[in-house]
Amino acid sequence: MTAPLFERLRTHAADGGIDTDELSLTVTEGTYRLSVAGDEHAGLDEDELQAVLAEYPDYLEEWGFWQTRAPQAPARWAFLRWVEEADDAAPPARRRALVDGVSQTWGQLHLTVRLDEEARRTYTLRHVDDADTPDERLDAHTDPLDARWIAKHDDDGRYRPLKTAPTLQTGWHFSGLNAAAAVQTIDLFYPATIANRYREQHGDLDVTHWAETTERQTGIYAVTEELEGEAVDWVAEACCEDSQCLKRREWDEDEDRELSVPRGDGRFPCREPCSLVIAAARKWTMLEREEEQAYTLHLTPSEKEQLETLLRAVAEGTAGTVREADVREGANRYRTRFLRAKRTDQHGRLDADDE
Amino acid sequence: MADALVIAAHGSHLNPGSSTPTYNHADRIREAGTFAEVREAFWKEEPHFREVLRVLDSDEAYVVPLFISEGYFTEQVIPRELRLQDWTPDAWASDGVSATAATFQAGDVDTQVHYCGPVGTHDAMSQVIAHRADTVLDDRAGDDVGMVVVGHGTERNENSAKAVQYHADQIRQQDRFAQVEALFMDEEPEVEDLTEHVHTKDIVVVPLFVADGYHTQEDIPEDIGLTDDYRKGYDVPATVDGRRVWYTGAVGTDPLVADVILERVRDAK
Numbered sequence: 000m001t002a003p004l005f006e007r008l009r010t011h012a013a014d015g016g017i018d019t020d021e022l023s024l025t026v027t028e029g030t031y032r033l034s035v036a037g038d039e040h041a042g043l044d045e046d047e048l049q050a051v052l053a054e055y056p057d058y059l060e061e062w063g064f065w066q067t068r069a070p071q072a073p074a075r076w077a078f079l080r081w082v083e084e085a086d087d088a089a090p091p092a093r094r095r096a097l098v099d100g101v102s103q104t105w106g107q108l109h110l111t112v113r114l115d116e117e118a119r120r121t122y123t124l125r126h127v128d129d130a131d132t133p134d135e136r137l138d139a140h141t142d143p144l145d146a147r148w149i150a151k152h153d154d155d156g157r158y159r160p161l162k163t164a165p166t167l168q169t170g171w172h173f174s175g176l177n178a179a180a181a182v183q184t185i186d187l188f189y190p191a192t193i194a195n196r197y198r199e200q201h202g203d204l205d206v207t208h209w210a211e212t213t214e215r216q217t218g219i220y221a222v223t224e225e226l227e228g229e230a231v232d233w234v235a236e237a238c239c240e241d242s243q244c245l246k247r248r249e250w251d252e253d254e255d256r257e258l259s260v261p262r263g264d265g266r267f268p269c270r271e272p273c274s275l276v277i278a279a280a281r282k283w284t285m286l287e288r289e290e291e292q293a294y295t296l297h298l299t300p301s302e303k304e305q306l307e308t309l310l311r312a313v314a315e316g317t318a319g320t321v322r323e324a325d326v327r328e329g330a331n332r333y334r335t336r337f338l339r340a341k342r343t344d345q346h347g348r349l350d351a352d353d354e
Numbered sequence: 000m001a002d003a004l005v006i007a008a009h010g011s012h013l014n015p016g017s018s019t020p021t022y023n024h025a026d027r028i029r030e031a032g033t034f035a036e037v038r039e040a041f042w043k044e045e046p047h048f049r050e051v052l053r054v055l056d057s058d059e060a061y062v063v064p065l066f067i068s069e070g071y072f073t074e075q076v077i078p079r080e081l082r083l084q085d086w087t088p089d090a091w092a093s094d095g096v097s098a099t100a101a102t103f104q105a106g107d108v109d110t111q112v113h114y115c116g117p118v119g120t121h122d123a124m125s126q127v128i129a130h131r132a133d134t135v136l137d138d139r140a141g142d143d144v145g146m147v148v149v150g151h152g153t154e155r156n157e158n159s160a161k162a163v164q165y166h167a168d169q170i171r172q173q174d175r176f177a178q179v180e181a182l183f184m185d186e187e188p189e190v191e192d193l194t195e196h197v198h199t200k201d202i203v204v205v206p207l208f209v210a211d212g213y214h215t216q217e218d219i220p221e222d223i224g225l226t227d228d229y230r231k232g233y234d235v236p237a238t239v240d241g242r243r244v245w246y247t248g249a250v251g252t253d254p255l256v257a258d259v260i261l262e263r264v265r266d267a268k
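For the record, the sequence lines run as chains A and B.
When we follow numbering that gives the first Met the number 0, the leftmost residue of the first sequence carries the number 0, and every step to the right adds one.
When we follow numbering that gives the first Met the number 0, the leftmost residue of the second sequence carries the number 0, and every step to the right adds one.
In short, the hints are calculated from the structure, not lab data.
Hints may be right or wrong, so weigh each one.
As the list claims (entries may be wrong) - Calculated lysine-lysine pairs in the DSS-like style (CA-CA distance at most 25 angstroms, straight line):
(1) K151/A x K43/B
(2) K341/A x K303/A
(3) K43/B x K282/A
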C-alpha cells in the first residue's frame, strides 16, 4: 500500500466516511471502524488500520481508482463501471479479470481495459471488426482528439454526416488511454451517447417526440411540422433502423402514438429526431405536397421485379456490390442500362401515360 | 470546477471540411490550457447544440458562436437549441454588431451559460482580416493596394452586411490600404463588379466566411473572374480586367481566429 493512497483514504474517511465496493471506513475521535470483504474491525488506531488494510490490497487499490483516479462525473463513472461490470465482482476477482483484460462493445467500438505492468488500468479502443487484428496492422493513436478525424469518413473515404451510422471506418487503434481519455475518445466518436444512456438508466432521458421537434423548427425547416401520421413512420424506417443508425429510437410521433418501425437494438438511446432526419424530412415534406397521379406503364413481370430489386439495392446500399458481369442480378449495371434503353426516352423518362 | 468553452459552429451534412476550422481553433485553445474543457458543437454535426451542454463537466460554460454576423443563427437557433432560459435578443443590447455576452441558465442541465456574441463581429476580427490580406500579398504588389472584404450579404438580415461594412470601416481607418471596400455575393454592391468598385492596380480580396466551401472556393473566384471554372483553379495573383487580384481563403480558417474566440470570453468575464 502506498503512503499517498493511505493518506487519501484517511482523508475520505474523515470527510464523511467511505462505503463502497465492500469497503467501509469511518472514524470517530481518532478511532477507525473498518469493514472490508465482510470482515469487521472496530477500535483501530492509525497503525492498526494500516496493518489490517495491508491484508486487503485489492480493496484499497480499487477504492483508490474508483474514488480518486477515475473521472468522477456520474455518467462517465457509471460507464467505466459498466465496461468491466465492476458492480458484479468483488475487487479481488475484478482485478484478476483485468489482468487478462475485459472488453465491451459500444456501437462499433471495441473497448478493452486491463491492468498494465504497474497494475494500473489502461484502456485500448478499436473498431469491433478489428477486435482480433494485431496492433501492428492498425494505425496507432494515443490522442483522443484524433477520433474526430477518424469518425469523419467511412472505409470507402465517404463523408459520414451521422456519427452513429454503422459505417465507422476500420484500421486504427487507440492504446495507453487512461480512464478519462478512454471516455473522452468514445464521446468524440459517439457524442453524448454516454450521457444519454446514463440519463436513460436513471429514468430521466428527456425524449422529444417528432411533433414537438418539428414544431420547434424555424426557417427552412419549419415546414417539417406538416409531416405527420404514416409519413413519420416512413421517415423512421428510412433513417432510423439499425442498418442506418446505431442509436435506439426512443421518440415517437408523440406521446400517444408509437411508430410502427422497430426501435433498434442499440445500447444507447436516440432522444429526438436528429438534424439529418430533419433536413431529410424537409425534402419529404415538399415531395409529399404533390398530388398522386395514375400512370399506365407497361412492364414484363421480370421488369417489375427488377424495379423492385433496384429500389431495394439503392435503399440497402448494395447496388455497388453487384458484380460487373452478373446479369442475373436486377441491380447489375448492364441489366439496368438495358431496362433504361428499352423503357425510357432520350431524357431518361419512363415511357408512361398519364391517365 | 473550472470553466468550459463551447465553440458553436454550423457544420455540414455534405462537406467534410466545414468543421475543420472549428476543430483547429478548438485545438489551439486546448493547447493554451485556459479552460478545463473545450468542446465543439454544431447545428448539422455532433455533438449538436441540443446535446453539447450535457457532455460537459463544468458548472459554467462560455458559448462562442463561430458565425460571421448576428442574426438567425445567433439569435434564434443557438439559444433555442441550447435551451437558454428566458433568452431574448435584447439581452445582448446590440446594434447589430456590438453583442458581447449575456448569462443564462440552461433548461436541461445545471450549467450556467455565458452566451457570447459571434466571432465575426468582434473588433479583433478586423485585425485578422487585415492580417489575412498581408499574408497573401508579396513583393510584386506595389504600395497602391485596394482591399476588399467580401461577405455573403442577404436582404433578409441587415446585420449580415453590417458586420462586413464594420470591418471594412475599421480597416479603412488604419490607412494600411489605398482603398477599402465591402462587397457582397447576394446584395449590392456586388463582388462580381470588383474592378468597377476598386481603382487600384493591386486588389486583395478577403472573404469574411467561417470556412472554405462552395462560396469561397467556387462562387467568389468565378464571380470575380479569377477563373471561368473553379475546377481549373486560379493564380494568386490572377489578372482581372488588367488588375492583379490577390484572393485569400476564408478568413475564418486563420489561426488567429482562436484568439478572437478567447477575446469573446474575456469580454464576457
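Hints and how they fare:
Of the pairs offered as hints, the one joining K151/A and K43/B holds, with about 13 angstroms between alpha carbons and a cut-off of 25 angstroms not exceeded. At roughly 13 angstroms between alpha-carbon atoms, K341/A and K303/A fall within 25 angstroms of each other, so this suggested pair holds. Proposed proximity of K43/B and K282/A is supported: the alpha carbons are some 16 angstroms apart, at most 25 angstroms.
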